[in-house]
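**Q** Sequence:
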Amino acid sequence: MTKLTDEARDAFLAETRIGILSTAGEDGWPISVPVWFEWDGSHARVFTSATSPKVGRLERDPRVSLLVVNNVGEQEYWVAIDGEVEVREEGAAELAKRLADRYWDMTDAEHLKTVNMWVAEGATLRLLEIVPTRIRTYGG
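Here this note's numbering is used: position 127 in the sequence shown is 127, and no number is missing along the way.
All clues given are correct.
Beta-carbon label-pair distances, calculated as ranges: (1) L67 - A120: 28 to 36 Å; (2) V131 - T16: 18 to 26 Å; (3) S49 - D101: 13 to 21 Å; (4) T107 - T2: 36 to 44 Å; (5) D82 - N116: 31 to 39 Å; (6) A120 - T5: 38 to 46 Å; (7) A123 - T2: 43 to 51 Å; (8) T124 - V33: 14 to 22 Å; (9) E15 - G91: 16 to 24 Å.
Result set (DSSO-like, lysine-lysine): computed pairs, CA atoms no more than 27 Å apart in a straight line: (10) K97 - K113; (11) K97 - K54; (12) K113 - K54.
No lab work stands behind these hints, which were simulated from the structure alone. Just so you know, these numbers come straight off a predicted model, no measurement behind them. Glycine is no exception: its CB is placed at the ideal position from the N, C-alpha and C atoms.
All chains should be modelled from the sequences, with the hints used to inform the complete structure.
**A** Structure follows, in structure tokens:
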């Protein structure tokens with residue numbers, strides 16, 4: 001297995017890609033969902049609704065894995081960030097706006113309306129900050 005350098009990992013994660021966030025269900029089975037994310041070189045961040053079932057799962061068991069893979073037709077790469085999540089309200093609306101700017105065409109009126117609603121209702125969002133305990137990579 002070929003591991004990515006930190007620089008290659010960070011460049012890969014800086015591209016617009018969907019992550020798969022896995023949390024532990026009540027029965028111990030993993031529950032995986034697609035998410036938008038940002039990576040700053042040391043932590044990954046995701047946002048969600050305060051009423052999302054994943055918030056309850058993370059309050060019970062903060063361990064997660066965020067998997068990011070290559071797109072079809074690209075050279076095979078993947079990064080798995082395993083760690084624990086810190087759930088907080090502060091910064092959630094700002095993160096939602098940054099990620100919408102990254103993942104959506106903000107000239108689209110519906111997208112803009114949705115983001116403005118998220119920002120206006122910031123208290124209903126949660127920021128999930130993943131503090132890595134290990135990072136696994138593959139590139140080759």
